[in-house]
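Keeping their order, the protein sequence lines are chains C and R. Offset between the first sequence (1-based) and this note's numbering: plus 152. Offset between the second sequence (1-based) and this note's numbering: plus 539.
One or more hints might be untrue.
Claimed, not checked - Within a straight-line C-alpha distance of at most 27 angstroms, the following computed DSSO-like cross-link-like pairs (lysine-lysine) qualify:
#1 C:K227 with R:K607
#2 R:K643 with C:K185
#3 R:K665 with R:K643
#4 R:K643 with C:K213
Everything labelled a hint here was simulated from the structure, so no lab data went into it. This structure is a prediction, so every number in the text was calculated from the model and none was measured.
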Amino acid sequence: MSATEETVKDIIVKIVHCDREVLTPTATFQDMKADSLDMVQVLVALEDEFGIEIPDEDAQKFKNFGDFIAYVEAKVAEKGNA
Amino acid sequence: MLKGKVALVTGGSRGIGRAIALKLAEQGADVIINFFRRRQAAEQTAKDVESLGVAAKVIKANVGDPEKIDEMFDIIGSSFGRLDIFINNAASGLPRSALDLDAKGWDWTMDINAKAFLLCTQRAVKLMEGRGGKIVTISSLGSYLVLPGYVAIGISKAALEALTRYLAIELAAKGICVNAVAASLVTTEAGMLYTRVAQEQLGEAFPWQTTPAGRLVAPEDIANVVAFLCSEEAFMIRGQIILVDGGTSLVPFSLMSKGG
């Protein structure tokens, strides 16, 4: 598990107050019982943490936690290479 | 009419903010478009502003975060060195009843809709100092009407309107005009989303399907009044909440669907 994934999980658990075990690759945002405000706050916290940007146009495409992690890792890697 | 002026529109990527950005640009102002979540939409609005022959700049900032407000105004200060028009349009909210509204939802809505108006104005005034300026904020009928699922936004708009009056007086001597434009339901993405939520809560069609004027309020209807308030013709209008609602607020809800 990457350090990025660990940090994403820390942030989600802190904001959504869900169990860490819920955050499997196939977990949906419904499984996390996250409402729309939780989701925006998670995205904003990740943007601040990693210095990346996750616009709504992209966020609307995530089907599950696995997709989401892959996206964040790609963004973080892209930033590292910039 | 606004040639050479520099305007900031928060939440300028879409909906009412986009219409205001385009209207101010049409009148000759350079426009800074602040956005929070929709970069593509903000860049499209910037392109459309530029096609009107003025400059546009896109700045991402969550106005609910005081640090991000400071960063945004630092960029405006270094890029333009001044500001003539500040449009406080960005808004957010949660469709909750009062008993379901928790501290997090209250803070989120109040921070973006009300506190940001104060903090942005404090920074905007520094960039207007010595030359005067225009400040217009966007409110809604929910500041005093009780609308389904609207408590969080309603109270934030009530705070915003009170602040409009206080700022209008405090800034009057600096030649800065502060006013608000309040609307009923506007045909934007957010407006239509709210209608769906309201219908779910009511269990029946939301009564605001039209207005006594024969149609719902469009973003351009708001933008036209905002542009007027930014003109010298509106110089003596201070601290007012101008209603743009096609007469909606004059008619009881129960009669609305019967055409007044």
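Here is what the structure says about each hint:
Among the hinted pairs, K227 of chain C with K607 of chain R is consistent with the structure: their alpha-carbon atoms are about 21 angstroms apart, no more than 27 angstroms. Of the supplied pair hints, the one linking K643 of chain R and K185 of chain C holds, its CA atoms being roughly 16 angstroms apart against a limit of 27 angstroms. Under the criterion of a C-alpha separation no larger than 27 angstroms, the hint pairing K665 of chain R with K643 of chain R is inconsistent with the structure, at around 31 angstroms. With a C-alpha separation of about 26 angstroms, the suggested pairing of K643 of chain R with K213 of chain C holds against the 27 angstroms cut-off.
When each numbered hint is compared with the structure, a violation occurs for hint 3 only.
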